[in-house]
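Colleague: What follows is each chain in one-letter form.
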Amino acid sequence: MRWMALVALLAVAGCAAPEAAPPRPRFSVPTPAPIGVSDPAPIPADRENDCQSELSFRPDGPLPPPGAPPAGSTMAEIGKRDLVVGVGSNAFLLGYRDSRDGRMRGFETAIVEEVAYAIFGGDRARIADRIQYRSLNADERIPALLREENPVDIILAGMTMTCDRWEKVAFSTAYYSSRQRLLVHRGSGVQSIDDLGGKKVCASNASTNLRPIAVAKSNPVPVGAANTGDCLLLLQQGQVDAVSTGDIILAGLAAQDPSTHIVGPSLRSDPTGIAIAPNRVDLVRFVNAVLEKMMADGTWTGLQREWLAKHIGEAEPPTPRYRSE
Amino acid sequence: MALTTRDVRSGKPPIARSRLIPLRLAFRRPPGPMTALAAVLALLCLVSGLVGALDVQHRRAALDDVLLRGGPLTGAALESYQSISDANATAAGAFLAGDVDPPQLRDRYRTNIAEASAALGTAASGAPDGESAEAITRITTHLPVYTGIIETARTLNRQGLPQGASYLREASALAHTIMLPAAEELLRQENARLAAAQDEAAAVDWVALGAGLLALAALIAAQVHLARGTRRIFNRGLLATTACVLAAVTWLAVASISAVAHSATAREGTAQVEAFANARVMALQARADESLSLVSRGSGRPYELAFADKAGKLNGDQGLFAVAENAATGDRTRPAVDQAVQAWRQWQDNHRDLRGADDSGDYNLAVRLATGADPKGTAEPSTVVDQELATAIGLATERFEAESRLARDAMANGELVVGVLMGLAALAVGFGYAPRIREFR
Numbered sequence: 007m008r009w010m011a012l013v014a015l016l017a018v019a020g021c022a023a024p025e026a027a028p029p030r031p032r033f034s035v036p037t038p039a040p041i042g043v044s045d046p047a048p049i050p051a052d053r054e055n056d057c058q059s060e061l062s063f064r065p066d067g068p069l070p071p072p073g074a075p076p077a078g079s080t081m082a083e084i085g086k087r088d089l090v091v092g093v094g095s096n097a098f099l100l101g102y103r104d105s106r107d108g109r110m111r112g113f114e115t116a117i118v119e120e121v122a123y124a125i126f127g128g129d130r131a132r133i134a135d136r137i138q139y140r141s142l143n144a145d146e147r148i149p150a151l152l153r154e155e156n157p158v159d160i161i162l163a164g165m166t167m168t169c170d171r172w173e174k175v176a177f178s179t180a181y182y183s184s185r186q187r188l189l190v191h192r193g194s195g196v197q198s199i200d201d202l203g204g205k206k207v208c209a210s211n212a213s214t215n216l217r218p219i220a221v222a223k224s225n226p227v228p229v230g231a232a233n234t235g236d237c238l239l240l241l242q243q244g245q246v247d248a249v250s251t252g253d254i255i256l257a258g259l260a261a262q263d264p265s266t267h268i269v270g271p272s273l274r275s276d277p278t279g280i281a282i283a284p285n286r287v288d289l290v291r292f293v294n295a296v297l298e299k300m301m302a303d304g305t306w307t308g309l310q311r312e313w314l315a316k317h318i319g320e321a322e323p324p325t326p327r328y329r330s331e
Numbered sequence: 002m003a004l005t006t007r008d009v010r011s012g013k014p015p016i017a018r019s020r021l022i023p024l025r026l027a028f029r030r031p032p033g034p035m036t037a038l039a040a041v042l043a044l045l046c047l048v049s050g051l052v053g054a055l056d057v058q059h060r061r062a063a064l065d066d067v068l069l070r071g072g073p074l075t076g077a078a079l080e081s082y083q084s085i086s087d088a089n090a091t092a093a094g095a096f097l098a099g100d101v102d103p104p105q106l107r108d109r110y111r112t113n114i115a116e117a118s119a120a121l122g123t124a125a126s127g128a129p130d131g132e133s134a135e136a137i138t139r140i141t142t143h144l145p146v147y148t149g150i151i152e153t154a155r156t157l158n159r160q161g162l163p164q165g166a167s168y169l170r171e172a173s174a175l176a177h178t179i180m181l182p183a184a185e186e187l188l189r190q191e192n193a194r195l196a197a198a199q200d201e202a203a204a205v206d207w208v209a210l211g212a213g214l215l216a217l218a219a220l221i222a223a224q225v226h227l228a229r230g231t232r233r234i235f236n237r238g239l240l241a242t243t244a245c246v247l248a249a250v251t252w253l254a255v256a257s258i259s260a261v262a263h264s265a266t267a268r269e270g271t272a273q274v275e276a277f278a279n280a281r282v283m284a285l286q287a288r289a290d291e292s293l294s295l296v297s298r299g300s301g302r303p304y305e306l307a308f309a310d311k312a313g314k315l316n317g318d319q320g321l322f323a324v325a326e327n328a329a330t331g332d333r334t335r336p337a338v339d340q341a342v343q344a345w346r347q348w349q350d351n352h353r354d355l356r357g358a359d360d361s362g363d364y365n366l367a368v369r370l371a372t373g374a375d376p377k378g379t380a381e382p383s384t385v386v387d388q389e390l391a392t393a394i395g396l397a398t399e400r401f402e403a404e405s406r407l408a409r410d411a412m413a414n415g416e417l418v419v420g421v422l423m424g425l426a427a428l429a430v431g432f433g434y435a436p437r438i439r440e441f442r
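Chains as they are written, first to last, in the numbering used here: chain A, 7 to 331; chain B, 2 to 442.
Quick caveat, the hints were computed from the structure, so don't treat them as lab data. Watch out, some of these pointers could steer you wrong.
Restraint-style ranges between C-beta atoms, simulated for each label pair [said to hold, decoys possible]:
#, chain 1, residue 1, chain 2, residue 2, range
1, B, E185, A, A212, 25 to 35 Å
2, A, S265, B, L306, 29 to 39 Å
3, A, S198, B, Q319, 51 to 61 Å
4, A, E54, B, E132, 48 to 58 Å
5, A, D135, B, G122, 50 to 60 Å
6, B, G395, A, R132, 33 to 43 Å
7, B, N316, A, S34, 33 to 43 Å
8, A, D88, B, T330, 45 to 55 Å
What the simulated footprint calls covered on chain B by chain A, stretch by stretch (three residues with Cβ under 8 Å from a Cβ of chain A suffice, anywhere in the stretch; the number is not a length) [as the list claims (entries may be wrong)]:
#, region
9, 134-141
10, 147-158
11, 173-182
12, 268-278
Only some residues are given here: those of chain B computed to face chain A with a beta carbon under 8 Å [what the hints assert, rightly or not]:
#, residue
13, G99
14, D102
15, Q164
16, Y168
17, G238
Computed from a predicted model, the values in this text were never measured in an experiment. Positions of the beta carbon are idealized from the N, C-alpha and C atoms, including for glycine.
Input sequences plus hints: build the corresponding full structure.
Modeller: So, in structure tokens, the structure goes:
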């Protein structure tokens with residue numbers, strides 16, 4: 007009887023063979039990336055500088071007292087409303103919106119406030135209330151200055167003064183001479199672009215910053231991203247080895263990540279100016295007067311020290327340069 | 002009668018012999034035409050009974066599959082699709098609201114991530130194969146990466162660093178380019194499987210009904226034949242057989258029709274869920290784009306274009322809301338969808354105001370309009386769109402489940418009913434023919 011039970015048990019056990027686990031599905035390890043990364047990036051054509059793009063229009067004598075622009079001028083017209091300023095994407099330390107109180111801050115923002123104070127006068131501490139900031143995508147900037155309806159008065163978005171742009175808009179004299187350098191990890195040992203042979207270096211898509219990377223002797227790989235913030239993200243995620251753009255923008259990136267620093271000699275120097283509609287030369291001259299005053303009385307140096315010096319060192323204000331008229 | 006002999010010596014009453022002998026002889030002799038006919042009829046009853054019982058069993062298995070497997074798995078796929086869309090929209094909205102994200106948005110995000118994870122677990126437990134399995138793997142491998150990036154964005158935002166926006170956009174790109182397409186694919190696969198199971202459950206099996214009808218026809222023919230051969234018009238046994246077969250066929254037909262009708266209604270429920278869910282997911286993605294267009298200051302236009310693209314898909318005669326409105330035939334789903342459509346119109350109006358504020362430089366007002374501190378903003382109507390569509394989806398799901406259950410209940414104990422009735426019919430054939438067979442001997 008017992009062996010029969012055993013046989014029966016074995017038979018039952020044989021029927022109830024364990025079901026095999028399904029095979030593990032194939033998978034690939036996720037590598038997230040921001041939208042708009044091009045690797046390697048197409049290199050934009052070298053721009054020509056045959057127009058002396060750093061020359062602006064000389065101010066009409068000394069700056070009038072705050073809040074008293076000449077009657078009939080563009081500044082007087084602006085004085086009846088708010089100053090409309092075009093800004094770019096969030097550039098930390100340069101022109102950014104502080105998410106804690108929603109206010110604009112930074113080096114460029116301080117310059118805007120100086121211009122606004124020269125136009126409106128009044129309470130210096132509350133000058134921000136008279137400024138309207140419009141954030142503009144790169145291709146929207148020049149059209150925003152030129153349009154008939156509701157145009158932007160001035161644009162401060164780290165714009166390089168190029169001959170191409172001079173054909174459509176006017177620029178103030180340079181408020182900064184930005185130098186293209188590199189942002190790398192502190193521990194990487196990279197000192198200049200010569201150490202980046204075969205490595206990936208990121209810059210904004212279609213920006214002229216890609217060109218010095220592409221032509222460097224060490225043959226780094228230029229990678230394009232939608233903006234410099236995405237370049238920093240790629241650096242932080244180990245997807246690129248360096249970010250290369252103007253040092254005033256790099257300062258904002260370095261400030262957001264203490265494990266990075268700015269290295270290398272200047273790959274190229276770009277005068278950065280305030281863009282204004284070409285039919286408002288009086289405003290250009292006025293803004294230049296404001297800039298000259300800031301540079302002369304130490305305001306510029308104070309702002310540079312406050313916002314940028316920690317990451318790119320102290321700098322001298324650029325020398326105002328004007329066309330001979 | 003002619004065969005009964007009288008044995009005087011045995012002393013046993015002749016009646017006893019007369020009972021025993023025919024049975025014995027029946028086995029000994031080749032069966033007469035009457036016996037063969039009876040056997041064929043009985044067999045016909047038994048076979049059609051078997052076919053009917055198998056049909057019922059098969060169909061009930063299909064309905065069980067719909068109710069216990071297809072429904073929950075499709076629900077899980079839908080849940081993961083909706084939860085990831087909602088999480089992405091909520092994360093962007095919370096980011097926009099300021100350096101510290103509002104607790105209710107944080108809770109909503111956490112709930113969505115938890116729901117998505119749980120739903121993916123359910124979906125994976127259904128032993129998926131092929132593209133479903135691949136889609137589930139794709140989502141489950143990316144979900145933790147996604148949440149990690151979101152937390153980085155949140156941490157940077159708390160420190161007031163604009164770099165957080167890059168992380169938020171990267172996370173959103175991950176959701177939009179990898180997880181949501183995979184979730185959509187998973188839902189498509191599960192919907193197709195559910196539809197196939199519903200088709201199978203709702204199909205009328207003509208073989209089973211045909212076999213029953215054939216048995217019925219044969220019985221009637223046999224009775225007509227018998228009535229002509231004998232003088233008796235009715236044969237009790239065969240009448241009983243006919244009654245049993247008729248009952249079985251009728252039961253089968255009624256149950257089939259009922260199951261088919263309920264299955265069809267259940268399918269309507271499924272179609273409703275699909276229509277409402279498509280609109281809801283698209284609205285959630287539009288909400289994410291709206292927030293991201295403000296988060297990505299100075300490079301927000303792609304998101305504004307994406308919002309317009311999604312609005313285009315929701316609007317119009319062929320748009321997702323039109324489809325949802327057409328599908329909303331119920332007394333309770335109709336008002337829910339109507340309210341969602343109304344809120345969507347309001348949302349679009351308010352969105353134009355929001356764009357106007359941002360374009361004219363009043364970014365802080367635009368953010369207030371987007372994040373709900375303002376009654377004329379987009380947060381309120383977008384929440385209404387989401388909630389009303391969720392209500393409609395819930396109602397349609399209930400309808401699907403209730404109708405599928407009714408379809409299955411219509412088939413309850415079907416094998417037993419059909420099997421027993423046909424078995425009885427076969428027995429009754431024997432009872433009906435036994436006297437006739439005796440008569441002919």
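Colleague: Run every hint past the structure and note whether it holds.
Modeller: Against the structure, the hints come out as follows:
1. For the pair E185/B and A212/A, the beta carbons lie near 32 Å from each other, so the given range of 25 to 35 Å is met.
2. Take S265/A and L306/B: their Cβ atoms lie about 36 Å apart, and the range 29 to 39 Å holds.
3. For S198/A and Q319/B, the hinted distance range of 51 to 61 Å is satisfied, since their beta carbons lie about 59 Å from each other.
4. In this structure the supplied range 48 to 58 Å holds for E54/A paired with E132/B, their Cβ-Cβ distance being about 54 Å.
5. Separated by about 54 Å at the C-beta atoms, D135/A and G122/B satisfy the suggested range of 50 to 60 Å.
6. Evaluation of the 33 to 43 Å hint for G395/B and R132/A yields a failure: the beta carbon distance comes to about 52 Å.
7. For N316/B paired with S34/A, a C-beta distance near 37 Å keeps the hint of 33 to 43 Å intact.
8. Evaluation of the 45 to 55 Å hint for D88/A and T330/B yields a pass: the beta carbon distance comes to about 54 Å.
9. A stretch counts as covered by a chain when three or more of its residues have a beta carbon under 8 Å from one of that chain; for the region 134-141 of chain B and chain A the count is 5, and the coverage holds.
10. Using a Cβ-Cβ cut-off of 8 Å, 4 residues of the region 147-158 of chain B lie near chain A, which meets the minimum of three, so the contact claim holds.
11. Look at the region 173-182 of chain B against chain A: 4 of its residues bring a Cβ nearer than 8 Å to a Cβ of that chain, three or more, so the hint holds.
12. Using a Cβ-Cβ cut-off of 8 Å, 0 residues of the region 268-278 of chain B lie near chain A, which falls short of the minimum of three, so the contact claim is violated.
13. With its C-beta approaching chain A no nearer than about 6 Å, G99/B sits inside the 8 Å limit, and its interface hint holds.
14. The criterion of a C-beta within 8 Å of any C-beta in chain A is not met by D102/B, whose closest approach is roughly 11 Å, and the hint is violated.
15. For Q164/B, the interface hint holds, the least distance from its beta-carbon to any beta-carbon of chain A being 5 Å, beneath 8 Å.
16. Hint status for Y168/B: holds, given a least beta-carbon distance of 6 Å to chain A, under 8 Å.
17. Checking G238/B against chain A: minimum C-beta separation of about 43 Å lies over 8 Å; hint violated.
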